[in-house]
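Peer 1: Chain W is fixed; fit chain Y onto it per the hints.
Number of protein chains: 2
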Amino acid sequence: MDLNALATAHPDHWSKATAIRALTLDAVAAANSGHSGMPMGMADVATVLFERHLKFDAKAPAWPDRDRFILSAGHGSMLIYSLLYLTGYEDMTLEQVKNFRQWGARTAGHPEYGHAGGIETTTGPLGQGISNAVGFAMAEEIQRATYGKKAVDHYTYVIAGDGCLMEGVSQEAITLAGRHKLGKLIVMWDNNDITIDGPVSLSDRTDQPARFRAAGWDVIEIDGHDPEAIDAALTQAREGDLPTMIACKTHIALGHAAQDTSKGHGALTDADQMAAAKAAYGWTAGPFEVPAEVKAAWEAIGARGADARRAWEERFDTLPRAKRETFNRAYRLEAPNKLSATIKAFKKQMSETAPKLATRASSERVLEVVNPILPETVGGSADLTGSNNTKTADLGVFDVDNRAGRYVYWGIREHGMAAAMNGMALHGGVRPYGGTFMCFTDYARPAMRLAALMRIPTVFVMTHDSIGLGEDGPTHQPVEHLAISRATPNTYVFRPADTIETAEAWEIALTATETPSVLSLTRQGLPTVRTDHKTKNLTAQGAYVLADAEGKRQVILIATGSEVSVAMAARDMLQADGIGTRVVSMPCMELFAAQDEAYRKRVLPGGPVRVGIEAAVRQGWDQWLLGERGKWGKADFVGMDSFGASAPAEVLFDKFGITPQAVVDKVKALL
Amino acid sequence: MDLNALATAHPDHWSKATAIRALTLDAVAAANSGHSGMPMGMADVATVLFERHLKFDAKAPAWPDRDRFILSAGHGSMLIYSLLYLTGYEDMTLEQVKNFRQWGARTAGHPEYGHAGGIETTTGPLGQGISNAVGFAMAEEIQRATYGKKAVDHYTYVIAGDGCLMEGVSQEAITLAGRHKLGKLIVMWDNNDITIDGPVSLSDRTDQPARFRAAGWDVIEIDGHDPEAIDAALTQAREGDLPTMIACKTHIALGHAAQDTSKGHGALTDADQMAAAKAAYGWTAGPFEVPAEVKAAWEAIGARGADARRAWEERFDTLPRAKRETFNRAYRLEAPNKLSATIKAFKKQMSETAPKLATRASSERVLEVVNPILPETVGGSADLTGSNNTKTADLGVFDVDNRAGRYVYWGIREHGMAAAMNGMALHGGVRPYGGTFMCFTDYARPAMRLAALMRIPTVFVMTHDSIGLGEDGPTHQPVEHLAISRATPNTYVFRPADTIETAEAWEIALTATETPSVLSLTRQGLPTVRTDHKTKNLTAQGAYVLADAEGKRQVILIATGSEVSVAMAARDMLQADGIGTRVVSMPCMELFAAQDEAYRKRVLPGGPVRVGIEAAVRQGWDQWLLGERGKWGKADFVGMDSFGASAPAEVLFDKFGITPQAVVDKVKALL
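Going down the list, the sequences are from chains W and Y. Residue numbers 1 to 671, in UniProt numbering, belong to the letters of the first sequence in order. Residue numbers 1 to 671, in UniProt numbering, belong to the letters of the second sequence in order.
The shape of chain W in the complex, shown without the other chains:
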C-alpha cells in the first residue's frame, strides 16, 4: 500500500484513522497482549462509519434510537475502545485505554457488554456478534412497527471478520436476515485474507459475496481503505430494502512490517517496527498521544448526533403517554404491575382445577395469560412450535409484511435463535423467549453462555427434558443438560414439577433483569402436585417442602420436575410402611443456594437419609445429598448414568429404574 497516497488524498480522514492505529499499537504494546492488525486494517471503514453514518451521541450512550454498532470480530477490541475514547464516551478515558486488558479496566481483552457505553454486546467468540445483530435488527423492526418511525428508526452496523463468516452460526444469522429482509442491517466484512493459521485460503475458498446473495442480501465490494468508496457503499446500503454486506478489501496491520500476514493478526509489540509504522503513517505524536486537533475532530463526531438525539426526544414526547410508559418500562426491564396478580390468579385456578398437563403445555397456558399483558415479549421456536408450545394466539407472526408480529419462526437454527434472542435483549424494549428441545441446548450453548456472562434475561424454553420424551431416543434425550446449564454461572435453571411451578418459574424469568433462564419442561403429562394454593412464589426460594413427613422424619426425598410426582408416590408407599418421609421440590438449585442457611436447613435438616430423584446425571446433586447435613446421613440418587434409549416413556422410566418402587428400595437400603 502506498500510505503516502492515502494520506495525501484524504488528509483529514487519514489523521483520524491513524489515531485509531496508533492507539491500537500503543495499547497492545503496553499490555504486551492483544490483536493489533484488525483495528489497523479496519480503521478507515470505522472512521467513515462513525464520521458520516452512525447515528450516536457519545454523551448519551443509552439513547434508545441510536444506531447500534457491533464489533463481531471482537478480538479487534482496540478498534472500539479507540473509537469510544476518541469520540468522547465519558467512561472510556485515556486511562482505560492505557490499562488495556488489565485487572479492573473497562478495556477487557474482548469487548464486554456493561463495561462501557457504546459496547452493545460482548464479542470475541466468533460469529456471535453478527448473529446478535440479527436480533437487534428484528427488535428494531418490531419496535418501529409498534411505536412508529418517530420513536424507533435506526440501523444496526456490524464489523465481521473471516472468522465470523466461517463459523456456522453466521450462516444461520445470514439466512435469517435474508429471509426477513432486514434492510437496516449492514455488515462490513473485513476481507483481509488472513486468519491465525495463515492465508484464509488454507482453510476456506468460499465466494462470500455469492454466499450472501444466495441468502437474499445485497452485496457491495469496495476498497476498504478508500474513504469515498466506504462512504458511497454505506449510503447505498442504507437505502436498500435488503440487508447489505459490504465486502471491504483491507490490509491487516496496514503499514506495519507484519501487514498482510498472519503475524499481523496478533500482538505487534516490536518497538522498532511500531516506530516504523508510525513514521510511515506520518504520525509524530508520542505513545497514547493524540494531537489536539485530531482529538477535537473526533469529539465533534461524537457530538454530531446530539441534535438528532434531542429531536428524537421531542418527537418521543409527542407519543401518547401510555405508549411512552410502556416503551420506557420495557427498556427498564420492569414488569407491568398486572403481572404478579395475573400469575397469582392463574395459580389459584390451576391449584383448584389440578390439571394433568405436560409442563410444556403448562408453559403455553402461562404464556396465554402473560403475553397479552406483556407487549414486550417476543416468542419463537427453532422449528418446534407445536412441540415447544411457545406460540400463543395473540402474538402474530413476525414477517416482512407483519413487522409487529411477536412470534418468530426461527427455523432449524437453535444457535442462531439463541444469539439473535440475546441481540433482542441487548437492543432493549423487548423480552425474547424461544424454544427447542432440551437436548439441543448443545447447539445453543455458545449463546446461552454469553447471555449469562452479559447478564441479560434471555429465556430459553427447553422442552422434552428427559427420557420422558420416549421413542425419539438418546440422540434427543438430555441427560447431562441440566448439569451443563447449572454449571454455568448466573443462570437460572428451572425444572418445574407442575403447572403451578411453571407459572412461578415464568414469573421469575420474566421479571429477571440480569440473569437468563432455562425452563426445562416435560413432553409427558404430569399431575398437579401443588393443589394447596399459596400466593407466595415458592419457586423463588429454589426448593421448599412440598409434603412433610407424617410421624418421625426418617427420609427426605428431593426431586425436580417430572420426578416430583415420582417422589410423592414413593412417599405414599414409605408412609404406608410407617416411614416418615418428607418430599422437597427443588425447581431451581441456584435460587435455593442463594437462600440463607437457616432456610436451607429448615428445608433440608440434618439427620434423615436423603435420596435425590431426577431423570438426569447426578452431577450437581451431591451438594444437596452430601452437603449441609450437620452430621453424617446416608444418601443416594435415582437418575441416569447413560444416554437413554428409544422406547415409550413409561418403559424407559421402568427400565432405567426411575420409579416410586426404585426410590423406596433405595431408601430402605439406606435405613
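Please keep in mind that the hints were generated in silico from the structure rather than gathered at the bench. One thing to keep in mind: the hints can contain errors.
Subject to a maximum C-alpha distance of 27 Å in a straight line, what follows is the list of computed DSSO-like cross-link-like pairs (lysine-lysine) [unchecked claim]: (1) Lys634/Y - Lys348/Y; (2) Lys263/Y - Lys356/W; (3) Lys601/W - Lys534/W; (4) Lys634/Y - Lys601/W; (5) Lys634/W - Lys552/W; (6) Lys338/W - Lys601/W; (7) Lys668/W - Lys601/Y; (8) Lys601/Y - Lys668/Y; (9) Lys655/Y - Lys98/W; (10) Lys534/Y - Lys655/W; (11) Lys263/W - Lys249/W; (12) Lys55/W - Lys249/W; (13) Lys601/Y - Lys634/W; (14) Lys181/W - Lys249/Y; (15) Lys181/W - Lys149/W; (16) Lys601/W - Lys249/Y; (17) Lys59/Y - Lys149/Y; (18) Lys98/W - Lys263/W; (19) Lys356/Y - Lys263/W; (20) Lys59/W - Lys323/W; (21) Lys323/W - Lys356/W; (22) Lys344/W - Lys55/W; (23) Lys295/Y - Lys344/Y; (24) Lys98/Y - Lys249/W; (25) Lys338/Y - Lys348/Y; (26) Lys634/W - Lys634/Y; (27) Lys601/Y - Lys552/Y; (28) Lys249/W - Lys323/W; (29) Lys655/Y - Lys356/Y; (30) Lys59/W - Lys181/W; (31) Lys323/W - Lys338/W; (32) Lys338/W - Lys634/W; (33) Lys150/W - Lys323/W.
Peer 2: Here is chain Y on its own, set in the frame of chain W:
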C-alpha cells in the same frame, strides 16, 4: 403427483420404492411414533442409489472399501431400516422393523451407530450427518493416497434435509468440502419445501444451489421421483472432481393425504389414510409384507456388490504385508506395539529433565514422538495451530495436492471439525485429534456428545483451559467446561498436571476404542511434578497419591492440571507448620470412579479434611470432597464461581484466590 404415471413408467423401480413406503407406514403405525413423510418422499432417490450406484455387500457390512451411506436426515430412520431389511443385512430382520422404536430393538427412533450393519453414523441431531460425511470423505482421500486405489476407492453418499442445511454446522461442512474439493462426496438434498412448522419459506428462502456453488460445489437439480433423472445425476456426480449436491425436488409423504404438508413430516398413523395411500401405490400386500418377487429384487441389490468385494479382497492381498498389517491394525483400533515403550521412554526422559512447560507444549512433545509411530493419526486445529500445539513436523498438510497429508487446517469451524473428526473415526483406519480453546467446547458440543454416544475414540485437544489464559478474558476463559465434559457419559476428561501426565493421558486416548477423550491443557507453563519415574500409567487409575503426608495425615489436597503445583506448594507450607498433608493428583475423574472401592479408599481415606483445587466451578467435585469419607470430615473447594476476567494470568489467580496461601487458609479454617 400422478402416481399411476410413475408406477407405469418404471414398474420395477416403483415396486421397490413402494416397499420402502409401505414398510415405513406400517412401522410408524405400529410404533404410533416416528416420521413417515421423509422415507416416503426419498424412497425413489434411495432406491436408485442402492440399486445402481452404492457399492456395498449386505452380507459384509464392515468391508472397508464399501461406499458409505449416511442418512443425515436421521428422523427418516425408517428409510435406512427399510433399505437394510430389504437388501438383506443379517441383523436387520423383519422382527426389528416391526419393533421400530421399541426397547432393545436395533431400530431406534433415530439411526444409531453400532445398532446394525449399514448404519455408518448416529444421526438425528440435524446437520451432524452431512458434517460427519466430510470426515468420511477426507479419511477416504487420506487412505487412498496412503494405500493406493487398489485398497481404497469409494464414495460417501449423504441424504440431507432442509433441517440439515439450515443448521450452521452444515455451512462449516460444506465450505470444508468445497475447499478441499472432496469429489467423492455426494449429497442428495431432500428438497421437499416442508419443515415441522410449515413450509420452508416460513423461515428460509436461501437459494441452496447458489449457496453450494459459492462454496465450490457442483450442483445438479432434478425431479426426485424420476428414476432416470436420479440415475443420471448420480452418474454425473461420481464423475466430477468437486463435491456434488443433487437437489432432489420431492413430495414429502408422497401419495398420502398429508403429502406436501408439515403434518406429513410426522407419524402418519390414520388407518384409512394409510390404506388409501397403499391403494394409490397399487400396493396390495398386508402390513409388513413385501411380495416375494420384490424382496428378491431387493436382495439381489444387496448381493450386487459381493463380486466387487471379493475382487477388492484379492487386490488388497497383493499389497505389501506391512501395509496390510498397518491398514488392518488401524481398522481394529489397535495401537502399534511400539507405543507403550515409546511413552515409557518419553516419561523417563521427562521425569529426569523435569521441563517447565505448558501442558499444551507437553502435548506437542508427546505428539512428536507418537505421530511417527502411529501413521493413522490425523491432527488438526480450528485455526489455532500455534496455540493448540497440534502440528508436528512429520504430518504433512492435507490438501488438494497432498491427500496423504495428516494435518488439517480446519479453519474457524470448531463444530464442523468435531463432527468431521467423528466421521473420520467412524470411517475407520484413521485416528483423528483436533484442537481449539477449551472454552469453545461450547461450539463443538453437539458433536462431542455424539462421539460419546457412538462410542468412538475421537480426541479433543482443548488448550487454554482456565483463567490461566490471562488477558483474553472471560469470553475465552472456561470455568464450566470441565464440568460439562465430565457430565457427559462415556467421556474421558483428562486434565494433566505436567508433561508426564500429559503423555499418560495421550496413551489412554490413543488406545481407547470406545470412548472419546477431552485433553484439557494449559496455556501457561507448569513445573514437572512427577520427577520420580514410574513406568506404570498412573493416569489410568484416574487419581493417585502424588506426595504423601509427612507425620500424621491431617489434610488431603486433591487437584488437577495447573492446580496440582498449587497444591504441592500449599503442602510445603502446611508441612512447614507441622500439618501432615497428602496431595492427590486427579487427572481423570471418570477413570478414578471406575477403580475398585479399595483403591479409591487408599487414595482418599476417611478422616483428614479435604480441599479440592481446580480453577473451575465446583460442580462435579462434591463426590470426592463430601463422598466416600467413611465418617464425617470437613471439606472445602478452591476454584471459580464466576466467569473470570481480563488480566495477566498471575493477577487472575491471585485475585480469584487460587493460590497456595488461599489453600492453606482454607485448610486452617477447617482444622
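Peer 1: Lys59/W and Lys323/W: Cα distance at most 27 Å?
Peer 2: Measuring from Cα to Cα gives roughly 26 Å; hence the hint holds.
Peer 1: Given the hint that Lys323/W pairs with Lys356/W, does the C-alpha gap stay at or below 27 Å?
Peer 2: Measuring from Cα to Cα gives roughly 39 Å; hence the hint is violated.
Peer 1: Taking only the CA atoms, is the gap from Lys655/Y to Lys98/W under or equal to 27 Å?
Peer 2: Distance of about 20 Å is within 27 Å: holds.
Peer 1: Are the Cα positions of Lys338/Y and Lys348/Y separated by 27 Å at most?
Peer 2: Satisfied, since the Cα-Cα distance of roughly 15 Å is no more than 27 Å.
Peer 1: Compare the distance between the alpha carbons of Lys263/Y and Lys356/W with 27 Å, and conclude whether the hinted pair is satisfied.
Peer 2: Holds: Lys263/Y and Lys356/W sit about 26 Å apart, inside 27 Å.
Peer 1: Given the hint that Lys601/Y pairs with Lys634/W, does the C-alpha gap stay at or below 27 Å?
Peer 2: 18 Å, holds
Peer 1: Taking only the CA atoms, is the gap from Lys634/W to Lys634/Y under or equal to 27 Å?
Peer 2: 16 Å, holds
Peer 1: Check the hint pairing Lys295/Y with Lys344/Y against an upper bound of 27 Å on the C-alpha distance.
Peer 2: 57 Å, violated
Peer 1: Does the alpha-carbon distance linking Lys668/W and Lys601/Y stay inside the 27 Å limit?
Peer 2: Distance of about 25 Å is within 27 Å: holds.
Peer 1: Does Lys263/W sit within 27 Å of Lys356/Y, going by the straight-line distance between their CA atoms?
Peer 2: The hint holds at about 26 Å.
Peer 1: Checking one constraint from the list: CA of Lys98/W to CA of Lys263/W, max 27 Å. Satisfied?
Peer 2: 23 Å, holds
Peer 1: Quickly compare the C-alpha distance for Lys601/Y and Lys668/Y to 27 Å and report which way the hint goes.
Peer 2: 24 Å, holds
Checked against the numbered hints given earlier, this structure breaks hints 1, 6, 10, 16, 21, 22, 23, 24, 28, 30, 32; the rest are met.
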